[in-house]
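Visitor: Sequence:
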Amino acid sequence: MVTFTARRSEPELLLPARATPRETKALSDLDDQRTLRYYETVVGFFRSNSTRPDDPAKAIRAALMEALVYYYPIAGRLREDAAGRLAVDCTAQGVVFVESYVDARLEEFGEPLLPPYPCVEELLCDVGDTRAVVGKPLLFMQVTRLKCGGFVLGFHICHNIADGFGMAQFIKAVADIARGEAAPTILPVWKRDLLTTRRSVPLPSIAPSYSYPVHDLGSTARDMMLSTPPRSMVARYFLFGPREVLTLRDRIPAGHPARSATIFELVTAVMWRCRTVALGYEAAQRVRLMITMNARGRWNNHTPIPWGYYGNAHVSPIAEATVGDLCGQPLADTVELVRDTKLRMTKEGMQSMVETVAFLREWPPSTMDRIYEVSDIRWTAVNVLKFGWAELAGGGIPLAGDLTSKLGSDHVRCRNENGEVSTVVSMLLPRPAMDRFREEIALWLRDKDEKKPLTLISSL
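Per full-length UniProt numbering, the sequence shown starts with residue 1, numbered consecutively.
Be a bit skeptical, because a hint or two may be false.
[To be verified] No more than 20 Å apart at the CA atoms, straight line, and that leaves these computed lysine-lysine pairs for PhoX-like:
| id | residue 1 | residue 2 |
| --- | --- | --- |
| 1 | Lys25 | Lys136 |
| 2 | Lys147 | Lys58 |
| 3 | Lys58 | Lys347 |
| 4 | Lys58 | Lys191 |
| 5 | Lys386 | Lys172 |
| 6 | Lys191 | Lys347 |
| 7 | Lys25 | Lys191 |
Read the hints as simulated data drawn from the structure, not as lab findings.
Turn these sequences into a full structure, and let the hints steer you where they fit.
Guide: Spelled out as structure tokens, the structure:
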């Protein structure tokens, strides 16, 4: 695998291209979670065509300054009031931008292009403490030129200001302008009051639609995931192409409703079971699955999120089962549990979660143990990041930097070695548990006829 050292320019503060409003903007209750006080990390690999500009970094630099005219809160700074709530001071102090070059070609990053990406830290500029967000630039971007003419766009962005779809929308605005558009094709909408509760709710009355009592959150003492420091954990990636998905689907009886499950539901059910076994929880203990869902989805026809909204608009229903029930039931039942949990996110469920977050200021509650979080981000950037002179070849969340924010799994769209659209799923576990997890997942992915594992595994 290729190794390299980036030749970087000095970090530069880029201001909006023109004057922007000076004001203070409140965040929503979903934005203002303590668990979102970190910088999300994203890398995107781009293949340039013959019409590319002489210097893609300079083209993106100019487009970024213009995009900040529309997304001017991102050029501001977060401040904290006496009650500990965050707000955005729209001061136009700017974002950090770095130009870079590495002596490598796009194909040297892997074919197929899958995480973990080699020397990923060289593709990102230094953000300092990724958990310190107050008073700092909200965006740190690096554009790295490759010797083949392609480039890598790597950035850290404060999660309090945007969720995954919001981040993609902002980068799309940069791509639109770099492509020659006069303005972003999707204009930004703030409207953070849509996801802010208007009343104070006593804790015992919160979340009747969720599957656990919020006032009885349990002990963290015996949860290996919470007691093991990140340096003693290992991250691995598991590829599910059409063949692997068919193998899993064939483990559900013909005619069972679970046979029609989505790839996300099917893979999540298997990963949750394997992870639970690998962590060695006791049969009577309760384990939880938290599914992060985009509230902009078609399922949400009761609380419309306006087109252009780029704040945090994710809701997270939670399923719960004892270890014995989860690991002893047929796979079809686990798949149905995952599906039913998603369907339970009704208007009342959304309101209940916003009220819960407003009270606790975090999600999930920090004292809740034995929880597995999954996020489906396969469609976040598909058909979005079009520079015109460059196409997105791959990328996603690289699990670089602050691993403590990645104790769940991200489902990312990719292509396998045969060029087939596939899903790669991240997993972070203590090292002994990872060994057991790999054994468990290999059993599920073993073809009954060929007697060999079908999964492709890469590690960090």
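Visitor: Compare the structure with each hint and give your call.
Guide: Consistency of the hints with the structure:
1. Taken as a hint, the Lys25 and Lys136 pair is honoured in the structure, with Cα atoms around 16 Å apart against an allowance of 20 Å.
2. Between Lys147 and Lys58 the CA atoms are separated by roughly 16 Å; this keeps the pair inside 20 Å, and the hint holds.
3. At most 20 Å may separate the alpha-carbon atoms for a hinted pair to count; Lys58 and Lys347 exceed this at roughly 45 Å.
4. Among the hinted pairs, Lys58 with Lys191 is inconsistent with the structure: their alpha-carbon atoms are about 32 Å apart, more than 20 Å.
5. The straight-line distance between the Cα atoms of Lys386 and Lys172 is roughly 7 Å, inside the 20 Å bound, and the hint therefore holds.
6. Restraint check: the Cα-Cα separation between Lys191 and Lys347 comes to about 18 Å, which is no more than 20 Å; the hinted pair holds.
7. A threshold of 20 Å between alpha carbons decides the hint, and for Lys25 with Lys191 the separation of about 10 Å falls inside it, so the pair holds.
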